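Protein sequence lines correspond, in order, to chains A and B.
Position one of the first sequence corresponds to residue 1 (full-length UniProt numbering), numbered consecutively onward.
Position one of the second sequence corresponds to residue 1 (full-length UniProt numbering), numbered consecutively onward.
For the record, the hints were derived by calculation from the structure and aren't laboratory data.
Predicted, not measured: the structure shown is a model, and the values here were computed from it.
Heads up, none of these hints are tricks.
Restricting the straight-line Cα-Cα distance to at most 30 Å, the calculated cross-link-like pairs of lysine-lysine (BS3-like) are: (1) A:K154 to B:K71; (2) A:K320 to B:K241; (3) A:K154 to B:K108; (4) A:K154 to B:K44; (5) B:K86 to A:K154; (6) B:K166 to B:K189; (7) B:K189 to A:K320; (8) B:K263 to A:K154; (9) B:K63 to A:K154; (10) B:K71 to B:K44; (11) A:K320 to B:K188; (12) B:K167 to A:K320; (13) A:K320 to B:K108; (14) B:K220 to A:K320; (15) A:K320 to B:K86.
Far from chain A by the CB rule (all over 12 Å, computed), these chain B residues: (16) L43; (17) K71; (18) N292; (19) P301.
All C-beta atoms in this analysis are idealised placements derived from N, C-alpha and C, irrespective of residue type, glycine included.
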Amino acid sequence: MTIAPPAADERVAARSSFRKLLGRPEIGALIGAIVLFVFFSLVADAFLRASSFSTVLYSSASMGIMAVSVSLLMIGGEFDLSAGVMVTSSALIASMFSYELTLNVWVGVVVSLVVTLALGFLNGLLYVRTGLPSFIVTLGTFFMLAGLNLGFTKLITHNVATPSIEDMDGFSQARAVFARDFTIGGVQVNISVLWWIVFVAIATWLLLRTRSGNWIFAVGGSAASARAVGVPVTRTKIALFMGVSFTAWFYGMHILFNFKSVQSGEGVGNEFFYIICAVVGGCLLTGGYGSAIGAAIGAFIWGMTSNGIVYAEWNPDWFKFFLGAMLLAATVVNLVVRRRAEAGK
Amino acid sequence: MKRKVIAAALAGLLALSACSSSGGKKADEQATKALNGSGGPRLKIAMVTHSAQGDAFWDIVQKGAQSASAKDNVQFLYAADPDGGKQAQLVQSYIDQHVDGLIVTLAKPDALKDVVAKAVAAKIPVVTINSGAEESAKFGALAHFGQDENIAGQAAGEQLNKAGIKKAVCLIHEQGNVGLEARCAGAKKTFSGQMQNLFVQGANMPQVKSAVTAKLQADKGIDGILALNAQIALTAVDAAKGSGSKAKVATFDMNKDLVTAIKDGRIQFAVDQQPYLQGYEAVDELWLYKRNGDILGGGQPVLTGPAIVDKSNADAVAPYADRGTR
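Sequences and hints are given; from them, build the entire structure.
Right, dumping it as structure tokens:
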């Protein structure tokens, strides 16, 4: 890949705002989301109620918080297959640390943050040092974490789930931060929805308005070229893995304080849902292209589909088929729109 | 000459009297000793289940098996894989190791049929637990310990009637699991109201919560929820509370938090299949068979449940649930 001289670069030529809009990574997902929304509004009576919308948003946030950092990582050209179980690891660490030592739960929360960030750092370091594809490195850490989750939980609690920490000091404050329900205009909303929106906003600002954002696009587009123009590739990639571990910690805390006890086997398979959300939202599997808002819309599509089927009272046996078909449709729309936009550039 | 003959005869007698290689009181004593569990060669018994990693239910089964093993001087080995083919491979590897007894779950009977036949051909006694009541004897297993899921479902349906529930939803947390479908079908059979199934993603609690909330929002008439596992039930309680529904929650299977929830009335009742018994009895049966040729159940499945836990007996069960054996 060569770097075009800046003066003759057609990529920076002015475009009409409509074309600009169509060229955004998230536009396909947005169209898909609108189509799905209209569709479920028509087939399911309960779908349009405000309380239902809140349920859909909660379900979306449960995927969306992780999809934010996973989409950044994918734009940076990498995968993290350990993201799903890392959520469980972080919840287990916080829960067992505070319970076994009978400490204020906030101590566990902080310890878990440190350990989980270290796990992300380790993922990044292993990737950078070995030069292996991140798919392989994190596949390894995925299995290792899944084993550690179960092994440590059984070793420490002699059960496969952690005991409830509901009655411990600091639980109610921590719950207020990570998992509280509150009422807006008569509708109950979980605080994780707000956090999700905050994370999406921060990630979008980071991507589009800061130098770090440019670095992320650059290392995903071509790491070698990025390095050649002075982008700190190693640091950026490690930071992206740590970003994933940060949201894994955050979401892990939500699970812990919402459900009080943690099953050590949970979280396996969710990593693919995060990746699906990011891809539906316009991230390329090859890196260098995508958006955090797109991943949020991807998560919203996921939330609408998984709950819309319930609202529509369809036979649940077909759930996975519907889910797969809708995700595929959204991605195809995405692809078509983007091709058209790029062709007309 | 005569002296020599007498001497030889005496020597022979002496030699004979020194030890009889079979029978006699000593052998009887040894057998009795072995029966009491304090002697005899150490047996190696392997259990292969269809459990996913870290499943709470199978953890209790293992605990039962381990305590029977400790009592019976058995070396207990355990392996599990939810995939039928892989489970069969695990069984095969224990046959290769020449274990003294095998405990197998037949959740996917067709996948395990051949390998169980191989074990029987290799003269390794096989006991089945949990699932496969129908196939157990056909495949040549000695005995089966488990709960008939349909009968357990029927018990749950009757309990729901007692609780005055009119419209219930049965939460299936593993798609395509025959046992779970049978529970819901059994409950539907005896339940006098209306019941429908809802699929929830068991490995993902926030999704379970939102799916149950969505269902309660979609159909305000639902006044009962039947969960098929303890953690799902506790999440369903949260969902019902969050959506302002008055639906009462009942469940299959138990854990510590669930017993507390029964005590304070958040959960109506639990249908317990006593997994501890399944593990314990399976090891004990193999040990009895090896020591005394005993077979439990007379060719019929031995039922370990349903045992209903509700407010009336929750206090009695609580300490056992606390240590993770109920």
